[in-house]
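Participant: Produce the entire structure from the sequences given, and follow the hints as far as they go.
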Amino acid sequence: MAIKDYLRQRFFPHIWCPGCGHGIVLSSLLHAVEELGLAKNDIVMTSGIGCSARISGYVDFHSLHTLHGRALAFATGVKLAKPALNLLVPMGDGDALAIGGNHFIHAARRNINITAIVMNNRIYGMTGGQFSPLSGCGKRATTAPFLTIDQEFDVVKLAKAAGASFVARSTTYHAKESTLYLKKAIMHKGFSVVEILSQCPTHYGRKNKEGDAPDMLELYKDTTAKLGSKALEKNPDLIPRGIFVEEERGEYCEEYDKLVDKAMGGAR
Amino acid sequence: MGLELISANHAAGLAATLAGRANRIGRGFCCGVYPITPATDCMEFLCSQEIEKSKVVRAESEHSAMAVCIGASAAGARSFTATSANGLAYMAENCVTVAGLRLPVVMMVANRTMGPPWNIWADHGDSLMLRDLGWLQFYCADNQEVFDTVLSAYRLAEDQRVMMPAMVCIDGFTLSHTIAQIEVPNQQEVDSFLPPLHIPHQLGSTPHALGQIEVAHQVASHRKQHHEAMTAVFEVYDQIQQEFRDIMQRDLADPVVPYRIEDAETVIISMGTIGATAEQVVDQLREEGHKIGALRIRMLRPFPAELIHESLRSARRVAVIDRDISLGFGGVLWGEIRTIAARDKLVQNYMAGIGGGDVRPHHLVGIVKDVCSREQAAEPVIMEDLQ
Numbered sequence: 001m002a003i004k005d006y007l008r009q010r011f012f013p014h015i016w017c018p019g020c021g022h023g024i025v026l027s028s029l030l031h032a033v034e035e036l037g038l039a040k041n042d043i044v045m046t047s048g049i050g051c052s053a054r055i056s057g058y059v060d061f062h063s064l065h066t067l068h069g070r071a072l073a074f075a076t077g078v079k080l081a082k083p084a085l086n087l088l089v090p091m092g093d094g095d096a097l098a099i100g101g102n103h104f105i106h107a108a109r110r111n112i113n114i115t116a117i118v119m120n121n122r123i124y125g126m127t128g129g130q131f132s133p134l135s136g137c138g139k140r141a142t143t144a145p146f147l148t149i150d151q152e153f154d155v156v157k158l159a160k161a162a163g164a165s166f167v168a169r170s171t172t173y174h175a176k177e178s179t180l181y182l183k184k185a186i187m188h189k190g191f192s193v194v195e196i197l198s199q200c201p202t203h204y205g206r207k208n209k210e211g212d213a214p215d216m217l218e219l220y221k222d223t224t225a226k227l228g229s230k231a232l233e234k235n236p237d238l239i240p241r242g243i244f245v246e247e248e249r250g251e252y253c254e255e256y257d258k259l260v261d262k263a264m265g266g267a268r
Numbered sequence: 001m002g003l004e005l006i007s008a009n010h011a012a013g014l015a016a017t018l019a020g021r022a023n024r025i026g027r028g029f030c031c032g033v034y035p036i037t038p039a040t041d042c043m044e045f046l047c048s049q050e051i052e053k054s055k056v057v058r059a060e061s062e063h064s065a066m067a068v069c070i071g072a073s074a075a076g077a078r079s080f081t082a083t084s085a086n087g088l089a090y091m092a093e094n095c096v097t098v099a100g101l102r103l104p105v106v107m108m109v110a111n112r113t114m115g116p117p118w119n120i121w122a123d124h125g126d127s128l129m130l131r132d133l134g135w136l137q138f139y140c141a142d143n144q145e146v147f148d149t150v151l152s153a154y155r156l157a158e159d160q161r162v163m164m165p166a167m168v169c170i171d172g173f174t175l176s177h178t179i180a181q182i183e184v185p186n187q188q189e190v191d192s193f194l195p196p197l198h199i200p201h202q203l204g205s206t207p208h209a210l211g212q213i214e215v216a217h218q219v220a221s222h223r224k225q226h227h228e229a230m231t232a233v234f235e236v237y238d239q240i241q242q243e244f245r246d247i248m249q250r251d252l253a254d255p256v257v258p259y260r261i262e263d264a265e266t267v268i269i270s271m272g273t274i275g276a277t278a279e280q281v282v283d284q285l286r287e288e289g290h291k292i293g294a295l296r297i298r299m300l301r302p303f304p305a306e307l308i309h310e311s312l313r314s315a316r317r318v319a320v321i322d323r324d325i326s327l328g329f330g331g332v333l334w335g336e337i338r339t340i341a342a343r344d345k346l347v348q349n350y351m352a353g354i355g356g357g358d359v360r361p362h363h364l365v366g367i368v369k370d371v372c373s374r375e376q377a378a379e380p381v382i383m384e385d386l387q
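Taken in order, these protein sequences are the chains called S and R.
Residue 188 in my numbering sits at position 188 of the first sequence, and the numbers go up by one each step.
Residue 371 in my numbering sits at position 371 of the second sequence, and the numbers go up by one each step.
You may find that some hints are simply not true.
Examples of chain R residues lying across from chain S (beta carbon under 7 Å, computed) [as the list claims (entries may be wrong)]:
1) T37
2) T40
3) E44
4) Q49
5) I51
6) R58
7) S61
8) A232
9) F234
10) D238
Since the hints were made in silico from the structure, they are not lab data.
Since this is a predicted model, take the numbers as computed values, not measurements.
The C-beta atom is built at its ideal place from N, Cα and C for all residues, glycine as well.
Facilitator: And the structure:
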């Protein structure tokens with residue numbers, strides 16, 4: 001199936017600003033789905049609120065556009081009711097780790113077979129550029145005229161500590177790499193998290209003097225390095241990209257089935 | 001007193017800022033905020049105020065934003081937040097808490113349609129959902145009123161006879177984003193209008209146990225006290241209006257705003273910005289010889305039943321316009337008006353502007369013609385497609 005067959009073109013034009021990284025993430029994701037040969041009918045995408053969440057309108061899968069931060073909780077219900085479906089949950093940094101932080105860590109803890117994609121642009125884009133829990137210190141935003149003092153989460157460390165059994169990070173500059181990680185994440189049995197750094201030139205870039213979209217993409221090239229690379233060894237301040245966790249661990253729906261079998265004494 | 005050209009979102013933020021600075025104990029406000037369209041501008045305004053006089057936690061959700069406000073208020077700070085629609089729904093649990101704890105937090109709600117289906121335009125369904133929690137609830141029609149209502153909400157909410165949170169509701173976009181000129185008092189004037197904040201159960205004075213477990217009769221008696229405090233509001237409000245007039249040299253709007261109602265046989269009742277449109281329609285229809293008036297309900301909680309009853313004395317027909325729908329019932333405001341309108345009046349409900357539909361003068365003219373053509377009231381009318 002061609003990539004465009006996965007798109008719901010009647011929802012276009014999309015709402016993303018010129019230069020936004022989210023379209024690149026969408027492209028990486030559709031390539032992953034297409035390369036895996038998944039049928040549209042077998043995929044459910046739940047999303048919350050924000051620029052990232054609009055993605056569920058643009059893909060021709062089963063889609064649930066839900067509440068701010070809660071997409072993973074909705075996905076948990078879908079997955080448990082119909083474990084054969086592939087659950088994709090794209091979220092922004094605000095959606096996943098501010099208002100939805102609790103659901104994020106608990107989905108990871110359960111290790112339920114859902115693919116969470118954190119489209120990290122380090123800002124609340126849709127409401128006009130307020131800083132998020134991933135903006136970090138010393139940043140400028142409409143809610144931080146005197147610069148931020150809030151420390152940011154490290155999505156990879158948080159997901160790892162909370163129990164996610166697959167954790168990866170890439171950027172919109174590394175779109176093919178993102179596709180590769182997304183494929184692995186979708187095929188992984190358990191809770192998988194793929195963080196993709198995605199530029200917001202409109203709100204984050206402009207306020208923090210990171211330039212326009214090409215400049216911000218260049219920045220992703222220059223400030224990140226592959227795990228195990230010499231560049232990262234030489235300069236540990238670079239943001240590592242790669243697969244950080246890939247473990248086999250009891251998946252929630254399977255564990256649930258086992259529990260039912262046990263409780264029924266094998267009578268099922 | 002000075003003039004400012006300002007949006008209603010900013011007017012609410014400015015009133016809260018001046019109120020915060022007027023608190024001689026802290027000289028500043030302390031609050032939690034979280035962005036949501038169309039209230040975001042207001043919280044951004046708070047974040048841009050002089051940092052030494054404002055402590056704003058950019059919280060991780062509306063639920064936490066109100067929790068921060070509760071903590072700050074319990075510690076003796078003036079507190080304020082702003083939200084809308086699903087943000088308010090998510091905050092609801094703490095809206096119950098702040099009312100139950102009898103803390104005078106003031107909140108601006110930019111009224112917006114509850115999703116799904118997702119929509120960012122004006123609808124009163126969000127704040128009406130929280131009508132019965134024990135908050136004072138106001139609905140505004142213009143920028144000056146938003147400023148005045150937020151400022152006086154502190155005075156009212158903090159009065160020892162009242163002591164409860166206040167919600168100031170403004171129509172999303174229609175009002176929240178409209179820029180208009182308003183009169184703004186200087187800090188000395190605000191200082192003399194707002195006494196220092198004194199919360200009897202403030203943390204840090206003597207050890208208090210807030211929010212503990214109670215058995216039935218204790219809960220019932222606390223609810224009774226809260227309800228009785230609601231009934232005390234009207235007298236306190238009268239007094240505040242007098243003080244406001246003395247200090248600001250202008251009027252603070254009444255709980256119920258009548259317009260050319262003295263001899264009106266037909267009355268349009270509404271809340272928020274539709275009320276301003278209704279006044280224009282009344283002028284137009286009066287010129288054509290109709291005996292018509294309008295009544296705008298500014299204070300919904302406590303419910304000013306006597307004032308409304310009095311205002312409807314001459315009315316034979318009443319058109320109640322609701323920008324909301326209580327599914328399975330009809331308009332919320334209509335339900336309230338029906339409880340007090342005498343049986344000899346024809347009270348017909350029109351639900352207009354649901355989901356942010358633009359309610360224009362000719363829609364109201366149509367409503368008036370419709371209500372005048374009726375022999376008796378019928379089922380509530382849902383106006384789906386406002387052309």
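Participant: Each hint should be assessed against the structure and marked as holding or not.
Facilitator: Checked hints:
With a cut of 7 Å, the hint placing T37 of chain R at the interface with chain S holds, because the nearest CB-to-CB distance is about 6 Å. Taking 7 Å as the C-beta cut-off, the interface hint given for T40 of chain R holds, the closest approach to chain S being about 5 Å. Hint status for E44 of chain R relative to chain S: holds, with the closest Cβ pair at about 5 Å, below 7 Å. Checking Q49 of chain R against chain S: minimum C-beta separation of about 9 Å lies over 7 Å; hint violated.
At its closest, the beta carbon of I51 of chain R sits 5 Å from a beta carbon of chain S; the interface hint therefore holds under the 7 Å criterion. The interface hint given for R58 of chain R is met, as the beta carbon of that residue sits about 5 Å from the closest beta carbon of chain S, less than 7 Å. Satisfaction of the interface hint for S61 of chain R is found here, the shortest Cβ-Cβ separation to chain S being roughly 4 Å, below the 7 Å cut-off. Annotation: interface hint on A232 of chain R violated; nearest CB of chain S at approximately 38 Å, more than 7 Å.
Given the 7 Å rule on beta carbons, the hint for F234 of chain R is violated: about 38 Å separates it from the nearest Cβ of chain S. A least Cβ separation of about 39 Å between D238 of chain R and chain S goes past the 7 Å threshold, and the interface hint is therefore violated.
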